[in-house]
Each structure stands twice: as C-alpha cells, then as structure tokens.
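Let the sequences and hints guide you as you build the complete structure.
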Amino acid sequence: MLIEFTLNYQPIAIEAPPDVTLLHLLRDHLNLTGAKEGCSVGECGACSVIMDGRLVNSCLVLAPQAHGSEIITIEGIHAPDGGPNDLQENFITYGAVQCGICIPGMVVAGEALLMRTLTPTRTEIRTALAGNLCRCTGYQQIVDAIEATAVQRRQAS
Amino acid sequence: MARFDYVRAHSIAEALQLLGEAGLISRPLAGGTDVMVFVRNEKPPFDRLVDISRVPEMKIIERRGDEVFIGAAVTFTEAEQNALLREVAGCLAEACRSVGGPAVRNAGTLGGNVANAAACADSLPALACLDAVAHVRSLTGERSFLLNELIQGANRTAIRPGELLTHFTFPVPPAGVRSAFLKLGRRNAQAISRLSMAAAGRLDAAGRVDYARLAPGAAMPRPQRFTEVEALLLGQAPTDELLAAAGAKTAEVMIGVTGRRWSTEYKEIAIQAMAEQTLRRVLCQ
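Top line first, the protein sequences correspond to chains A and B. Per my numbering, residue 84 is the first one in the first sequence, and the count goes up by one each step. Per my numbering, residue 14 is the first one in the second sequence, and the count goes up by one each step.
Source of the hints: derived by calculation from the structure; they are not laboratory data. Being a predicted model, the structure only gives us computed values, none of them experimental. All clues stand as given, with none of them false.
Some chain A residues well away from chain B (every beta-carbon gap over 10 Å; in silico):
id : residue
1  : L115
2  : T116
3  : E158
4  : G166
5  : A231
6  : R237
7  : S240
Covered by chain A, per the in silico footprint, the following chain B stretches (three or more residues, Cβ under 8 Å):
id : stretch
8  : 108-119
9  : 195-205
Pulled a few chain A residues facing chain B out of the computed Cβ check, cut under 8 Å:
id : residue
10 : P100
11 : D102
12 : T104
13 : S123
14 : V124
15 : E126
16 : G128
17 : R137
18 : V139
19 : L143
20 : L145
21 : P147
22 : A211
Just so you know, even glycine gets a beta-carbon here, dropped at the ideal spot from N, CA and C.
If you want it as structure tokens, here you go:
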C-alpha cells in the first residue's frame, strides 16, 4: 500500500506491504539504518524515532500508521552542514559513546526531551531515557551530554 | 504476501463498520505495544487491523456531570499529563506514569491495556479502585461492564468479535478523597508489575476513615476492590495498627482467592506492605 508521510522534514511516498513495522520500512525500504533493531518488543529503545513530536519505538509502530505523520529519525538530526549538531558534539565531548549501538536512540530520545523543555532536571533526563538501554556507559555521560546541551540551548535562545 | 491488511478508521461509526464487515476477521489496533509484539511471534488470528488510534471521539478526557469520561484511545502519556485525572483520579494518573518507558507510554493506550487484559496491566487496579465502567460498542448496540465483569481472566475479556471498547466512565470521587498507586517491579522503568496497588481514602472531621477503596493489581485473576479491607478501615482512625491490620487482611483476601502457590511466600509479605504504604499515603499525609 502507498504510505505518505513527512520524513526528516521532507514529504515522502513509498509503496510497502501493510504488515511491516515502521522500523522495517525505514531500514529495508528507505535505507535509513540509523534506527537499530535491538529487542523488537519495545524494551531497548534502539529503534527510537520521533513521531508527531513524541518519542516512539519504531519496532512497535505498524508502517501504515505513519501515513500522514511527521517522522524524525537520527538521519534528520544534524547540524546545517550535515555534521554533528550540538547534542551530538556533546555526546563526543562527554564520552557518552562507547560501542554505539544505542546512541542513535539515545540522541533521538534526548532531542525528544529537548523539544519539550530546555530546563530538564537530571531526574527528568533519566526518565526521558528510561526506555533506552545502554550496556556500556552507565548512562552518566549520556545524561551529562543532554544536560550540557540544554544549558547551551537555553543560553543561546 | 502480507500476513494481514491495514485500514484506518476516522470515527467510531467507521471503526464499527470495518470491524463488523462480513467475510474477514478484523481487530482493533491502537498503540501497537501489545499487538505488534504478538504478531511478531504468533500467526495473526485476524485478516485485518483497524487502526483506531486517531479516532477523535476516542481521545477525549472530560468531566460529564458527575462522571469522568476517558476515551479508550487515550495514551498513557495523555492520561498521566491530564489535569482532570491528576486532580480527581491520582491513582490512575500514577498508574499510567508507571507503565513502561516514555516511548511505550506515548503509544500504548488505556483501552489497549484493558482489552489485552494482562493480569499485570497497571491501569487495571486503578480503574477498579475508581469503579470504572468499560463501554463496548458494536453495530448492534452498546454494552457496559464493570472491570471485573469485562475481564474474565488473564488475556480474556467479554469483548466479542466486531465489538470495540470505546471509552470508560467513572463517578467523580467525593470532594477530599485522595488516591494513589504503588508498583513493585524489578526496576523503576520498563518493568512488568510483580504486584501493584491502587487505593483511595478520606478522613472525616474527627479524623476517622469515611471513604476507603483498595484494589491490588497482578494479584488476582480479575481486577477487583477488596471490600473486606475497606470495611475494616471505615469509621476507624488510621493508626499504625489499623494500617497493619489492613495490610494483613489484604494478603488474607488474596490468598483466599488464589490459594498458596510458589510465589505466595513472597507475595504475602509484599502485598501486605504495599497495601499499608498506599493506604498511609492516602490517609496519613
């Protein structure tokens, strides 16, 4: 069936079977492999995308449910020149990346939080990341990177 | 070849037409947090999913006279952030906040939580505590159920093929009633409840309990209020002894229904403490 939606700020129309997940549509039909398939049951957050302004697990969204939606994936999060944006720079600065598999989801979850508030407490940051598992970093550095980005964006705005 | 088809409903009337269409088996789809996990592992027992997640009439939360109306397609995030629910149904707002993580709460719905009817579903004890009624519609009419009538056991409900759980209603609790929810899981987020507890209560001018509701979750085959515990509380001052007795009674009622099983040694102590703590929050703070 024809699925039309806004993907990373661009309108898109794609023919796909009705029974595939949004994650499958992104990775296998659109070649956007930033979102990862970790657990496939909504526990790990590696497939996180932003759908109509809210963080969702793309493994639990049926692809045709995206019809008419605005979807932002990790591929849509970057600086104007295509390089890392401030949040991604802070992930590097604060040592928030080790093996990397959770990082697209972590950045997407971080952006979903920062879209709603630039004054999150550390507890709020942890709550925002509660559905994203990282087995390397211990989360501390990821929380630091998001907190620093919030401070910087607050100062810049 | 797709294993099933997809169609989106834009109104309850359209959803009922699609669900009732002869010649193929259709099932509702909302947040997908249970359905998508199910179809990953099992052969789908349906031909088509009818997406009801954007039906406007099913997204409403409002006060209607002496009742609160909640559409079945309201997400956990929408419920927990709703000012009316936070004010009059704290236990339900807290239960919704305790579900999964943010992404699961942004997608999963109250209607889905109830219709899936997992014994551990977090909204069930809160809805039971509020005496919520579930409203189910089909092309031929509407049926209404208390939660312990709708839910017949783990993953079993009275909802028939062609029917749609459209909304819940519950009476606005009397002024001054406070309610709370407590969950016991293996960690703070993304946890399946081992046990949960919803309670509501109020003290009169003399400091005695004049309103009490208690409904445990993940403890019973069907969600229900523990009226024996409520009766023990009414008319009494909420002393440590009374709360301890209420906790002990809660464990006794649970074991009376479930019998002693492998998990009882743990659950007996845990449910006792949880009842005590939840009642303390609504009666003593």
